[in-house]
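**Student:** Next come the chains, spelled out residue by residue.
There are 4 protein chains.
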Amino acid sequence: MQIGLIGLGKMGGNMAERLRRGGHDVVGYDRNPDAPRDVASLQELVDKLEAPRVVWVMVPSGAPTTETIKDLSEVLSEGDLVVDGGNTRYTDDPIHAEMLGKNGIKFVDCGVSGGVWGLTEGYALMCGGDDDAVAMVKPAFDTLKPEGEYGYVHAGSVGAGHFVKMVHNGIEYGMMQAYGEGYELIKAMDFVKDPEQVFASWKEGTVIRSWLLDLLVDALKKDPGLEGIRGYAQDSGEGRWTIEAAIQKAIPLPVITAALFARFASRQEESPAMKVVAALRNEFGGHAVGKAGTEGDVPVS
Amino acid sequence: MQIGLIGLGKMGGNMAERLRRGGHDVVGYDRNPDAPRDVASLQELVDKLEAPRVVWVMVPSGAPTTETIKDLSEVLSEGDLVVDGGNTRYTDDPIHAEMLGKNGIKFVDCGVSGGVWGLTEGYALMCGGDDDAVAMVKPAFDTLKPEGEYGYVHAGSVGAGHFVKMVHNGIEYGMMQAYGEGYELIKAMDFVKDPEQVFASWKEGTVIRSWLLDLLVDALKKDPGLEGIRGYAQDSGEGRWTIEAAIQKAIPLPVITAALFARFASRQEESPAMKVVAALRNEFGGHAVGKAGTEGDVPVS
Amino acid sequence: MQIGLIGLGKMGGNMAERLRRGGHDVVGYDRNPDAPRDVASLQELVDKLEAPRVVWVMVPSGAPTTETIKDLSEVLSEGDLVVDGGNTRYTDDPIHAEMLGKNGIKFVDCGVSGGVWGLTEGYALMCGGDDDAVAMVKPAFDTLKPEGEYGYVHAGSVGAGHFVKMVHNGIEYGMMQAYGEGYELIKAMDFVKDPEQVFASWKEGTVIRSWLLDLLVDALKKDPGLEGIRGYAQDSGEGRWTIEAAIQKAIPLPVITAALFARFASRQEESPAMKVVAALRNEFGGHAVGKAGTEGDVPVS
Amino acid sequence: MQIGLIGLGKMGGNMAERLRRGGHDVVGYDRNPDAPRDVASLQELVDKLEAPRVVWVMVPSGAPTTETIKDLSEVLSEGDLVVDGGNTRYTDDPIHAEMLGKNGIKFVDCGVSGGVWGLTEGYALMCGGDDDAVAMVKPAFDTLKPEGEYGYVHAGSVGAGHFVKMVHNGIEYGMMQAYGEGYELIKAMDFVKDPEQVFASWKEGTVIRSWLLDLLVDALKKDPGLEGIRGYAQDSGEGRWTIEAAIQKAIPLPVITAALFARFASRQEESPAMKVVAALRNEFGGHAVGKAGTEGDVPVS
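Residue numbers (UniProt numbering), protein chains in the order written: chain V, 1 to 301; chain B, 1 to 301; chain S, 1 to 301; chain Y, 1 to 301.
Okay, chain V solo, but in the shape it has when bound (with noise of 0.2 Å):
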């Protein structure tokens, strides 16, 4: 099929590549003048699809994505297509839905997973919108999903492919933080001579074997110890709306939190809130602040 794909960073231009390996017209734009792009406006996009047009967009979440959407609003035409294939906050994808639908425009939002690795293994989509619009994108999806049985699902409505994509990611989060407290234990004790090759051997038989523990053992093969590595991670946001959505609904969702929560106590120089603790254990028991804990002495508390 012939579409068009807006964004062609790292993500967008495997998966522009990907598509014409199988066979599709893609159309690439970009912002950036110097990427690999075959127009240089929204309007020349536009032009060069023929109606009803297919345009994927693959931008970074928030307002460029939504800015991006709202300009599609207007050059786009009635019957067009709009797939929103970044992260965007499935909060979002009604409004930008809208957005469109007060032209004619028909919306299905995607989430997308795969990585580095999309380009050759495929990319796992999981998307949301009307029967009749996924319909017009399914090439599209069958081009970039892995073969296999698996790796697509028309998850349900608007905003749901962006959701469970967001739950994945939070799946992730704490899967990710629990290899990473195991590693972490078995490091520290020093009967156990070989870290890596334990994680090595988890990759067969195991209950625990994954792709992410296939992942983990790579890395500890070119980086044994990980001295290389900072202990400090971002987060790109789905944690802390998977988070949020748990919230709304008063569902406990412990694991998950507990890794996000991780993650920002990584990035903090030091902790305010232990300043207090450290404060209170000086005020009520005369305990160094900064210091090691009293010696000889009944510690006071």
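These aren't lab readings, by the way, just hints derived from the structure by calculation.
Computed from a prediction, not measured in an experiment: that's the story for all the values here.
Be aware that a few hints might be false.
For identical chains, the list gives no copy identity; a pair is met inside one copy or between any two copies.
Stated by the list, open to error - Each computed DSSO-like pair below joins lysine-lysine, with the alpha-carbon atoms no more than 30 Å apart:
(1) K138 to K203
(2) K193 to K102
(3) K10 to K221
(4) K10 to K70
(5) K249 to K221
(6) K48 to K222
(7) K10 to K187
(8) K70 to K48
(9) K138 to K10
(10) K48 to K10
Model the placement of chains B, S and Y on the given structure of chain V, informed by the hints.
**Tutor:** Relative to chain V, chains B, S and Y alone:
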């Protein structure tokens, strides 16, 4: 090789079978006369094995294992070897090793993963002990482990095998809870039309694909909505020991601990802690006890 | 001073009473004709007050408060002042301030603590707004607050009052849960003969003495064992908002979040997440679903 | 009464002083010859006391306490009594009681709270042991405890005193962390003009007023912003034991555990677990390691 195997339950029985299929000469013993045992007593087991003997103990952890090892320390001879393949707490391994060592009997601890799938797919093995001791039982390990490069590690000295298997289970707790939380959140959203299909789609191309995910998809296929399953989970000790080990080393394990506590909470009819919270809310706010919140007024707080 | 008070429920009614005892001229209004109201409509309320008027809104947060403020923006005049003493989310305060400000009406947000004890002991007040606006309502604040040096703060600009009151409630969640957890653990130990007496003893000389502890001791005196109280707690929104604010600022709040999640969990008949855990344990280990663990065999894992 | 007191450090020294002010005849001993001790050896201590003797042990928990009690078991006589007022783990109490009991010496364990304030305000005491043993030391308890109705409890049999003191400290961890989290969140909001003033205002009329809050307000008065205090807190063991006790009883303690883990994390230069998370994000997403997130592209996940 020739090997004695004590404990012919679900795990031990299957392991005996896999060893026999691999060409080993297994002499099985179980306290239970109804088990398919080859000998009727420990002494008979010892008599049937040629020195230096290798006896694999596969009985419940705690007292049953300790008693079996104590009995073996009396009937085995210098140069023989005991493998403890059960879920023994790693802190008991040096005690057991010493019990045997006094009589010149070697000891290897071995954590075994793989569950009901181990018979056909192989068991992941993590062992601890001296090199020469491990070498004696290596042929059995080679048969029990999965085919392929992974699934076996000599993790370190005595106790290291059970230790890393314990951590494996701790990670397992965290991963399972992460999937559970994601499932719960998705189930709560009406706009996701088929949660089971979402999970199935994740089997390929996603960051969170794993063997546990595969099993969850199987479970959801059999029982969409998991209506037939109570939201109630036991724990077999290894999660608890993982946290105790972390506490000793002053290592924060928020995710694994949250997963364990979620299991604890699932087994409570009612939370006594929450009775305190409810009682307090009633005291300061006149909040109804055991009923829904006040309406039509500013909640008192 | 003369003050209009809208909302004569448990909180508002008591506050009106405390203001009157302090010599203020309170004109009370409630939508409910059965309430002990002085006027039967907002217009009548406005007519009875001399300009510049001060009207204290004490109705449930959310739509009721927003509607009341909208109505007031239409019937009040330039130079008048509205105080929102309810549990409004701090993010709504600027919206309400602007609603009123368009007509020249000032706004002060005020978090109020003290519960059913406020009438006699005074209410802790945390307000936000411009200095001149706060000054207009200061005489009422002085009467409502407890005697003594503390119990009142002008926390900052519009929204700051409700914000710090919200954080106050978040801290409250954490403290209550801490006492609850301690109580649960002590109850579980047979060698402690009288948990109620232990808590009573803590009222003096300990590090954890507090007003909440006093209330808990009162509750335990009335109902030792808390047999008459369900282990079930509502939440009134402020705990949730606290966590949402923290997430926005990337601040880890593990204790307050754990306290909120414990409330969520207490309201679930059964945990869907734990169904997943149970289903998975069944899949890989053949663990019985909804029954106690296997016995006499090595648990499969 | 006449009482021997072993350990004249910060806690023991002040307790000796409070006992003397209360008219008791205290014979103090400390291993350290520079301490203001009355006798130079345990034997001299025993010689100076009239039978039946009461000796209060106030030395660091663990080996020092066990050794002291072992020594006392040899120099004291049948009918004498030992009180352990240190922070001994409750599980050691029965061991110590048996050590002494073999020679007919009685034992009482006593958790002591009150910190540097105990000298003037009195110490909260929680003791465990037989009624007749407790009766022997009651006059000292009556002097040490705060004036007023509360501050003393005979919690149960041997170990119960240290157990409830341990839980007291666990609750303390949770409360301190709750205040700390609230402080951190308030500090992060620019529209709150003076966090110190907010905390001070909470001293009266609020639900969260407490002695710990009073201490925090004192600390903030001395050092607004807590600039001089490192965000770093030790733990003295009782928090850990609280969680271990809960794990044994399968009781979820999410808040107390989160508070302990926050202390652990505050003492880490860098989190090895977070290195794993960072390594994984790099593997699947090409996310920069140790640098801020990607910009201008859809984050890969």
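**Student:** Run every hint past the structure and note whether it holds.
**Tutor:** Evaluated hints:
1. Only between protomers do K138 and K203 lie at most 30 Å apart by alpha-carbon distance; the minimum there is 19 Å, versus 35 Å within a single protomer.
2. Taking identical chains as interchangeable, the C-alpha atoms of K193 and K102 lie at most 30 Å apart only when they sit on different chains, with a minimum of 25 Å there against 64 Å within one chain.
3. In this assembly of identical chains, K10 and K221 lie within 30 Å of each other by CA distance solely inside one copy; the values are 25 Å within and 36 Å between copies.
4. Only within a single protomer do K10 and K70 lie at most 30 Å apart by alpha-carbon distance; the minimum there is 23 Å, versus 49 Å between protomers.
5. Taking identical chains as interchangeable, the C-alpha atoms of K249 and K221 lie at most 30 Å apart only when they sit on different chains, with a minimum of 26 Å there against 42 Å within one chain.
6. Within a single copy, K48 and K222 get their C-alpha atoms no closer than 46 Å, and across copies no closer than 49 Å, so neither meets the 30 Å cut-off.
7. Within a single copy, K10 and K187 get their C-alpha atoms no closer than 34 Å, and across copies no closer than 33 Å, so neither meets the 30 Å cut-off.
8. Only within a single protomer do K70 and K48 lie at most 30 Å apart by alpha-carbon distance; the minimum there is 19 Å, versus 50 Å between protomers.
9. Only within a single protomer do K138 and K10 lie at most 30 Å apart by alpha-carbon distance; the minimum there is 23 Å, versus 47 Å between protomers.
10. Proximity of K48 to K10 under the C-alpha cut-off of 30 Å is restricted to the intra-copy arrangement: shortest distance 24 Å within a copy versus 65 Å between copies.
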